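The lines below spell out each chain.
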Amino acid sequence: MSNNKTRADEVGSGVSPSLSRRELLKGVGLTGAALMTAGSSSLSAQPANVVASAARIRVTEAFETLTAIESSTLDAFASRILPSDDLGPGAHEARAVHYIDRALAGALAASREQYSVGLAALESYSTQTKGKSFHLLSASEQDDIIDAMTQNATGYPALGAGFFNTVRNHTIDGTFSDPYYGGNRDFVGWDLIGYPGVRIMSTPQEISMGRDLAPSRQSAYDMPAHTKDPVGPGSSSKGDTAHGH
Amino acid sequence: MATELPRTDVIVIGLGAVGGVAVLPLVNAGLNVIGLEAGGWFSTRDFAPDEVRNNLRDWPQQVPKAKSEIPTSRANINFAANQGGGHPMMNGVGGTSLHYWAQSWRLNPWDFKTVSETTNRYGAHRVPADSTVEDWPISYEDLEPYYDRVEYVLGVSGNAGNIDGKIQPRGNPFEGPRSRAYPMPGLRSSGFTDLMSEAAKHLGWQPFQGPAAINSEVYGDRPGCFYHGFCDRGGCHVAAKSSTAVTTIPEAMKSGLLKVVTHARVLKILNDADGRVTGVEYLVGNQVLFQPADVVLLASHTYENTRLLLLSTSREFPAGLGNNSGQVGQHYLSHHQGAPVTALFPRNLNNWYGLPAQGVAIDEWADDNFDHSNLNFIGGGNLWVHTDRKPISAAKMTTFDLVPNWGAKWKAFISENADRTNSSYIQKTTLPYRGNYLDLDPQVKDKLGFPVIRITAEHRENELRIAAFTQDRMEEWYRAAGATQIIRAGLGGAMGPSTHAYGGTRMGDDPASNVTDRFGFSHESPNLGILGSSVMGTSGARNPTLTAQALAWRTAEHLAENWDTIAG
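Residue numbers (our numbering), protein chains in the order written: chain A, 412 to 656; chain B, 22 to 589.
Please keep in mind that the hints were generated in silico from the structure rather than gathered at the bench. Heads up, a few of these hints could be off.
What the hints assert, rightly or not - Listed below are the simulated SDA-like cross-link pairs for lysine to any residue, each with C-alpha atoms no more than 20 Å apart in a straight line:
(1) K417(B) - D79(B)
(2) K430(B) - K639(A)
(3) K466(B) - G105(B)
(4) K280(B) - A50(B)
(5) K134(B) - E165(B)
(6) K280(B) - T299(B)
(7) K639(A) - R66(B)
(8) K222(B) - F366(B)
(9) K639(A) - F366(B)
(10) K134(B) - T153(B)
(11) K88(B) - D497(A)
(12) K417(B) - P500(A)
(13) K430(B) - G499(A)
(14) K639(A) - T65(B)
Just so we're clear, the structure is a prediction, and the values are computed from it rather than from any experiment.
Whenever a hint applies, use it, and build me the whole structure from the sequences.
Here you go:
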């Protein structure tokens with residue numbers, strides 16, 4: 412997958428090689444929060460290098476349905492459901508939120524309203540009880556708030572446990588889906604549970620290898636037979652495709 | 022208003038699992054057939070290994086007509102009937118046989134004679150008093166030649182258990198005698214099914230690879246199964262699944278006598294003053310057409326078969342076509358397939374690339390294969406475990422209450438255990454009862470303004486007792502194979518919409534309690550035939566499709582052989 416650059420690689424090379432993806436996103440989140448709280452005057456507070464580098468970023472993700480603050484809240488939320496830790500990457504690295512954002516424009520459109528209300532409630536409860544936006548809290552503070560949500564705690568404003576279940580389901584969908592749908596970036600979800608990937612066929616010998624079978628590292632739509640491209644040899648080259656769009 | 026088309030011999034409404042079979046004996050007899058199908062054609066290119074599309078988004082089941090006519094459902098008249106999120110069946114040439122699990126069982130002989138066999142062995146009082154179950158008008162032996170025919174025409178793999186009365190070592194010892202072996206050996210086993218088979222043998226049970234309408238080797242011009250793991254609710258990417266779309270329908274089209282009309286939405290079956298059907302009115306795009314025919318075969322699954330009859334009212338049939346008896350919609354049941362048992366094993370099972378039909382079955386606790394003298398139910402369940410796992414559903418595995426369902430502990434749990442769990446599939450004897458029925462919903466309508474089907478039905482004591490009993494047997498089996506954790510689902514309640522839906526147009530000799538005669542033709546409208554599991558009066562403890570297909574072939578053959586009498 413060497414040709415399939417992640418957004419972090421591209422953004423990183425445009426800003427500063429020393430910035431990790433996580434730090435960078437924290438920075439983006441801060442900017443978003445500042446925009447929300449301080450109004451349009453804070454636009455000028457954006458770091459000059461971010462603005463300058465924007466033109467050099469190949470756009471691979473956009474907010475198709477979620478607002479910027481919704482996206483930050485949801486990413487932080489999904490990251491507590493399936494955290495990054497010593498065991499490996501989590502929902503954040505899988506870009507589960509990218510999957511959800513796109514799905515809300517189409518197959519999950521019926522859930523859009525629930526996300527608006529649910530994420531606003533989460534954010535409002537966070538600022539009321541902890542004095543900060545949810546995505547700026549420490550992990551343990553975020554977990555306290557998720558506990559309040561799942562237990563429908565007194566004072567929790569709206570859509571508690573039901574919204575948690577929706578987000579949990581969609582976070583799993585986004586983390587473990589075919590990467591075509593915008594999540595499971597770099598197959599981090601499939602690696603986590605030892606799924607060796609989609610393939611056209613499997614032999615008894617391959618199956619007996621289980622987790623030790625070399626991962627196929629492909630999307631269903633890397634298979635030429637299942638794309639809208641004309642069918643024929645050489646119409647798609649495995650591994651060069653950037654998953655998601 | 023409707024434009025009248027040139028007359029044909031036979032119309033088949035619905036080219037799915039059963040309509041798609043019936044067309045072949047009809048064209049073989051030289052009859053001109055028009056197949057009206059609400060969906061379109063699919064090809065192997067459509068069937069990508071995509072869990073999101075197949076299993077989360079119900080593609081292609083969500084495609085055209087079925088989506089707007091999902092039945093409403095309630096347990097009994099004390100509840101409001103609600104419409105669920107999806108229709109169990111899909112539209113398309115080949116219908117649900119495109120993406121089903123393709124388990125292709127024959128019913129056991131007991132399923133045809135439940136009342137008389139129970140009475141003989143235990144006494145008539147053992148048949149539940151509120152059940153409307155009858156013996157079928159035909160026996161297993163009557164249907165055997167048709168089972169054999171469709172197994173060979175479609176391509177069914179399996180290991181025979183009883184050939185001409187001689188018990189075979191690798192098949193189901195409880196099956197009825199078959200005239201010859203399956204055309205192909207059973208699908209291959211897997212490490213997991215081998216583990217379960219060994220455990221079953223330790224318990225003294227006889228495990229066997231279940232039968233499937235999936236090639237286990239090259240059959241005709243189609244390949245054997247590729248075992249890529251996306252068979253569940255997915256069409257086959259190499260046409261190894263023996264759907265009617267790749268078998269009987271193209272075979273029938275070669276004759277030039279079958280005309281397939283896609284995206285045709287049938288509105289009504291019409292009849293004359295003698296009560297004989299005259300043809301079918303259908304909608305394509307915004308055009309209403311009338312297709313006259315000598316005979317109509319209705320093959321659109323239990324809910325739509327019942328619905329179209331109830332919607333086809335006339336002066337002769339004010340309560341719906343063939344329903345002056347009031348029997349259309351009665352004796353409905355949907356199969357008790359729920360109440361699974363789920364197990365956790367201490368090691369990986371390597372189940373990522375299997376398929377639901379790659380399973381091992383136990384029939385010791387099905388039907389009347391065991392002594393019920395000291396039990397409080399009749400019938401039983403077929404125990405089934407199979408190899409099938411996909412990543413999203415794997416990550417959504419139960420936590421067995423060992424860890425929370427989110428956070429770092431949960432992540433570590435699924436990372437370790439995603440390939441260590443298995444859930445059983447237990448199909449149980451399900452009976453028809455007074456108070457369980459289908460009718461037209463008084464409020465909910467489809468996009469054209471026609472009422473959808475309303476299901477009023479619930480499982481009764483007999484089903485719930487079987488469920489509890491078979492869960493015990495299933496836990497015993499899992500424990501014998503080394504499972505360390507077990508979770509049991511609830512025993513079941515309402516009979517919601519299901520692919521395994523029976524009755525509504527039951528087959529039987531008595532016109533007062535049945536809609537069709539023993540050959541599947543309407544008691545009241547003799548040139549109307551009805552195909553599908555809607556004619557079946559009992560479920561058995563196994564999948565209905567092969568039985569419905571054998572019956573469809575038999576009905577079509579009966580029509581061809583008695584053309585002058587039936588077509589008038």
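Quickly compare the C-alpha distance for K88(B) and D497(A) to 20 Å and report which way the hint goes. Distance of about 45 Å is beyond 20 Å: violated.
Given the hint that K280(B) pairs with T299(B), test it: the Cα-Cα distance must not exceed 20 Å. The hint holds at about 19 Å.
Need the status of pair K430(B), G499(A): alpha-carbon distance at most 20 Å? Answer holds: K430(B) to G499(A) is near 13 Å, not above 20 Å.
Between K466(B) and G105(B), is the straight-line Cα distance small enough, at 20 Å or below? holds (13 Å)
Is the straight-line distance between the alpha-carbon of K417(B) and that of D79(B) 20 Å or less? Holds, at about 18 Å.
Is K639(A) within 20 Å of F366(B), Cα to Cα? violated (42 Å)
Are the Cα atoms of K430(B) and K639(A) separated by 20 Å or less? Answer violated: K430(B) to K639(A) is near 41 Å, above 20 Å.
Given pair status - A50(B), K280(B), alpha carbons within 20 Å: At roughly 15 Å apart (the allowed maximum being 20 Å), A50(B) and K280(B) satisfy the hint.
Distance restraint between K134(B) and E165(B), which requires alpha-carbon spacing of 20 Å or less: holds (15 Å)
Given pair status - R66(B), K639(A), alpha carbons within 20 Å: holds (9 Å)
Going straight from one Cα to the other, do K134(B) and T153(B) come out at no more than 20 Å? holds (14 Å)
Would the pair K222(B) and F366(B) pass a check requiring their Cα atoms to be no farther apart than 20 Å? Holds, because 19 Å separates the two Cα atoms, which is no more than 20 Å.
Of the hints listed earlier, those the structure fails to meet are numbers 2, 9 and 11, in rising order.
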